[in-house]
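Numbering-wise, the sequence shown is residues 0 to 307 according to numbering that gives the first Met the number 0.
Keep in mind that the hints were calculated from the coordinates and are not lab data. Just so it is clear, the structure is predicted and the values come from calculations on it, not from any experiment. Among the hints, erroneous ones may be present.
Unchecked claim - Pairs of lysine to aspartate or glutamate residues, derived as EDC-like cross-links and limited to a Cα-Cα distance of at most 16 Å, are as follows:
hint, residue 1, residue 2
1, K260, E295
2, K113, E30
3, K192, E267
4, K262, E302
5, K180, E219
6, K192, E219
7, K299, E199
8, K192, D283
9, K192, E279
10, K192, D126
11, K238, D283
12, K131, E183
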Amino acid sequence: MSEYLPEGKLMDTRENQAILNSPRLLREAMENGTILEARARLCDASHNLCVDLGGMRGIIPREEGALGIRDGSVRDIAIISRVNRPVCFTVTSIETDDSGTPYALLSREKAQKKCIESYISTLRRGDVVRAKITHLENFGAFADIGCGIAALLPIDAISVSRIEHPGERFCVGMDIKAVIKSIENGRISLSHKELLGTWEENAARFAAGETVAGVVRSVESYGAFVELSPNLAGLAESKEGVRAGQQASVYIKSIIPEKMKIKLIIIETFDCRYSPKPPEYFTDAAHIDRFLYSPEGCAKTVETVFSN
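Required output: the full structure, derived from the provided sequences and hints.
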């Protein structure tokens, strides 16, 4: 499955570069249906992609530019937006132009079909996959889970601590891991919060008496919820002038596992937007059947069950 990675992961590998720069190896790759990657340099007026193969010119005809272009279910923006970015493909033929110079005809569509048939069709709920953030919307993030095949990560599945926009956690191009949440009618939905640790795992990184950094996530009449980590928030006493979205320094009064609560005092808040950091994961598992977020013995049970 190593070849079924988000686009951009194969391009600079030694094997991929060796094939692109050798006409003999390129022909072998064509015969074997090997998935390769290179950068798309140009999209012409007919929406054919011109690809830099290093040792040879490559062309991805419009109808081969992405799954769905051929039947009209996907718009041409899926092709245009690949300019100056890595694209995956298989080599379909090697031709010669009028001047006798060889060039390769390529197909991104066939590479994506192969990815679906050999990899994505085998995925089940609870499988952990590598992904790459491709774009952000108010409702969630889209991620490439292999050969440009996109899946949706809804905003409420990104972390336990609620956020206003996915850009608070991710940036385009960021490499992440995600869990397959559902597969329905070819649409894949992901989850992410189950990889960011349980309440206890996150709380163990803090201690009463410490003053730590946080982000104000919401302000209520009874206090302010302050995020200490993506999967952990505490309740701070009310303080005038505090607004959601502000950075904060908070004093930890107490940590109460049996109630899944952290009591805080806000020392100071200020306005600043920090760039998202790569997520820190608490598991290397390839599959998750069940994720129990709440501590054992806690009156409130918070869990995700992936097993069918």
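Status of the hints after comparison with the structure:
| no. | hint | verdict |
| --- | --- | --- |
| 1 | K260 - E295 | holds (14 Å) |
| 2 | K113 - E30 | holds (14 Å) |
| 3 | K192 - E267 | violated (28 Å) |
| 4 | K262 - E302 | violated (23 Å) |
| 5 | K180 - E219 | violated (31 Å) |
| 6 | K192 - E219 | violated (24 Å) |
| 7 | K299 - E199 | holds (14 Å) |
| 8 | K192 - D283 | holds (14 Å) |
| 9 | K192 - E279 | holds (11 Å) |
| 10 | K192 - D126 | holds (14 Å) |
| 11 | K238 - D283 | violated (40 Å) |
| 12 | K131 - E183 | violated (21 Å) |
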